[in-house]
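Chemist: Chains as they are written, first to last, in this note's numbering: chain A, 1 to 270; chain B, 1 to 92.
It is worth saying that the hints were derived from the structure and are not from the lab.
One or more hints might be untrue.
As the list claims (entries may be wrong) - Simulated crosslink set (BS3-like; lysine-lysine; CA at most 27 Å straight-line):
#1 A/Lys12 to A/Lys243
#2 A/Lys26 to A/Lys86
#3 A/Lys243 to B/Lys77
#4 A/Lys12 to A/Lys26
#5 B/Lys4 to A/Lys240
#6 B/Lys77 to A/Lys240
#7 B/Lys77 to B/Lys4
#8 B/Lys4 to A/Lys235
#9 A/Lys213 to A/Lys104
#10 A/Lys213 to A/Lys240
#11 A/Lys170 to A/Lys240
#12 B/Lys77 to A/Lys235
#13 A/Lys26 to A/Lys149
#14 A/Lys86 to A/Lys109
#15 B/Lys43 to B/Lys77
#16 A/Lys26 to A/Lys213
#17 A/Lys95 to A/Lys12
#18 A/Lys95 to A/Lys213
#19 A/Lys240 to B/Lys52
#20 A/Lys240 to B/Lys43
#21 A/Lys149 to A/Lys213
#22 B/Lys43 to A/Lys235
#23 A/Lys243 to A/Lys149
#24 A/Lys243 to B/Lys52
#25 A/Lys170 to A/Lys243
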Amino acid sequence: MKKLELSDDQVKRYSRHILLPEVGGKGQRKILEGRVLVIGTGGLGAPVSFYLAAAGVGTIGLVDSDTVEVSNLQRQIIHFTHDIGKHKTDSAREKMEALNPDIKVVVHKTRVSSENILSIIADYDVVVDGSDNFPTRYLVNDACVLSGKPLSHGGIFRFDGQVTTIVPGKGPCYRCLFPEPPPPGLVPSCQEAGILGVVAGTIGVAQATEVLKLLIGIGEPLIGRLLVYNALEMKFRTVKVPKNPQCPVCGPHPTITELIDYEEFCSLRS
Amino acid sequence: MGVKVRIPTPLQALTGNNAEVVAAGGTVQEVIDSLEAQYSGLKERICDEAGKVRRFVNIYVNEEDIRFLQGETTPLKDGDEISIIPAIAGGA
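Whenever a hint applies, use it, and build me the whole structure from the sequences.
Modeler: Encoded structure:
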């Protein structure tokens with residue numbers, strides 16, 4: 001592949017990146033060549049995709065099947081009041097392309113499932129999980145482990161957030177951290193529990209930071225560590241996440257070798 | 001011996017909205033029992049019927065997951081801090 005040269009406009013646009021010795025023109029080119037899939041264009045997906053667009057990530061895929069609702073606007077900053085009723089992926093794409101005409105936005109107006117996820121993630125270098133339910137989170141984890149794709153995981157709940165970075169083959173996966181999802185109904189979703197809007201921003205921006213680090217190849221990603229955030233205390237803590245030798249998906253003797261459809265998954269749990 | 005225990009948001013309704021409580025015990029198991037004695041109903045949220053920590057809840061002694069220490073029998077020493085961290089799925 002021909003090495004991508006930065007245009008004069010790009011040198012100006014990304015000058016504050018290029019000034020950083022850890023990034024430079026070389027790092028910015030890696031960002032521009034990067035292909036990132038963002039699953040969910042909601043609380044987490046909005047700041048992730050907005051910042052990745054600003055940073056110049058060359059190809060950004062958006063997966064969402066929902067339309068914008070008024071109750072989203074308190075936190076999903078990529079959607080505006082006039083977008084109510086519009087497909088979230090279209091609404092997000094418009095803002096991202098307006099912010100940065102350099103980038104290509106690919107929309108996937110669907111929900112990920114065991115049927116489609118492997119073919120959707122195949123075209124990308126890094127996957128970001130901004131979904132809002134356990135079945136999807138385990139599906140995304142398993143699909144990334146099976147395809148060897150790096151994954152940024154983020155979760156939010158009321159005033160709390162969690163972030164970790166999964167690089168298959170290099171560190172633990174989400175099932176090493178939490179082997180199984182809770183049975184349906186035991187843990188309330190955001191929809192039922194509420195979320196302080198800015199918490200989605202804090203966690204989403206942490207995920208976007210991890211993506212940029214992975215694309216450029218700098219710093220210490222949250223591999224083998226879980227970042228735990230509480231907004232009321234304004235504290236960030238990290239705990240260690242060892243690779244589980246008995247992990248059902250990424251361990252040496254996996255029992256999960258194909259994807260579990262999330263609806264079935266739910267009924268299995270009930 | 002008293003240790004500090006960090007209670008996650010979803011369980012704070014059971015601890016009078018306290019994010020941090022003090023419990024007694026020389027092992028993780030004893031601390032869980034001490035918590036249950038103070039805050040009835042807490043144990044069943046953390047442990048299954050057999051008394052094992054649920055698979056979507058982790059307990060950390062300082063930064064270490066007890067699953068990779070000695071599980072529920074992990075011994076505690078003065079000044080240890082315990083964190084209970086459940087999986088959270090929200091994102092939308």
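Chemist: Decide, hint by hint, whether the structure agrees.
Modeler: Consistency of the hints with the structure:
At most 27 Å may separate the alpha-carbon atoms for a hinted pair to count; lysine 12 of chain A and lysine 243 of chain A exceed this at roughly 43 Å. At most 27 Å may separate the alpha-carbon atoms for a hinted pair to count; lysine 26 of chain A and lysine 86 of chain A exceed this at roughly 38 Å. Restraint check: the Cα-Cα separation between lysine 243 of chain A and lysine 77 of chain B comes to about 26 Å, which is no more than 27 Å; the hinted pair holds. Among the hinted pairs, lysine 12 of chain A with lysine 26 of chain A is consistent with the structure: their alpha-carbon atoms are about 15 Å apart, no more than 27 Å.
Note on lysine 4 of chain B and lysine 240 of chain A: the hinted pairing holds, with a Cα-Cα distance of about 19 Å set against a maximum of 27 Å. At most 27 Å may separate the alpha-carbon atoms for a hinted pair to count; lysine 77 of chain B and lysine 240 of chain A meet this at roughly 19 Å. At most 27 Å may separate the alpha-carbon atoms for a hinted pair to count; lysine 77 of chain B and lysine 4 of chain B meet this at roughly 11 Å. Distance hint between lysine 4 of chain B and lysine 235 of chain A is fulfilled; the C-alpha atoms sit about 16 Å from each other, no more than 27 Å.
For the proposed pair lysine 213 of chain A and lysine 104 of chain A, the alpha carbon gap of about 20 Å is at most 27 Å, so the pair holds. For the proposed pair lysine 213 of chain A and lysine 240 of chain A, the alpha carbon gap of about 20 Å is at most 27 Å, so the pair holds. Under the criterion of a C-alpha separation no larger than 27 Å, the hint pairing lysine 170 of chain A with lysine 240 of chain A is consistent with the structure, at around 15 Å. With a CA separation close to 24 Å, the supplied pair lysine 77 of chain B and lysine 235 of chain A stays within the 27 Å bound.
For the hint linking lysine 26 of chain A to lysine 149 of chain A, the alpha-carbon distance of about 23 Å falls within 27 Å, and the restraint holds. About 12 Å separates the Cα atoms of lysine 86 of chain A and lysine 109 of chain A, which keeps this hinted pair within 27 Å; it holds. About 22 Å separates the Cα atoms of lysine 43 of chain B and lysine 77 of chain B, which keeps this hinted pair within 27 Å; it holds. Of the supplied pair hints, the one linking lysine 26 of chain A and lysine 213 of chain A holds, its CA atoms being roughly 13 Å apart against a limit of 27 Å.
Restraint check: the Cα-Cα separation between lysine 95 of chain A and lysine 12 of chain A comes to about 21 Å, which is no more than 27 Å; the hinted pair holds. Taking the CA atoms of lysine 95 of chain A and lysine 213 of chain A, the gap is about 24 Å. The hint holds against a cut of 27 Å. Distance restraint check for lysine 240 of chain A and lysine 52 of chain B: the Cα-Cα separation of roughly 21 Å lies within the 27 Å cut-off, and the hinted pair is therefore satisfied. With a C-alpha separation of about 24 Å, the suggested pair lysine 240 of chain A and lysine 43 of chain B falls inside the 27 Å cut-off, and the hint holds.
A hinted pair counts as satisfied when its Cα atoms are at most 27 Å apart, and lysine 149 of chain A with lysine 213 of chain A qualifies at roughly 15 Å. Using a Cα cut-off of 27 Å, the hinted pair lysine 43 of chain B and lysine 235 of chain A holds, with the two alpha carbons roughly 26 Å apart. Of the supplied pair hints, the one linking lysine 243 of chain A and lysine 149 of chain A holds, its CA atoms being roughly 17 Å apart against a limit of 27 Å. In summary, the hint linking lysine 243 of chain A to lysine 52 of chain B is supported, as the alpha carbons are separated by about 20 Å, within the 27 Å threshold.
Between the alpha carbons of lysine 170 of chain A and lysine 243 of chain A the distance comes to roughly 9 Å, so the proposed pair stays at or under 27 Å and holds.
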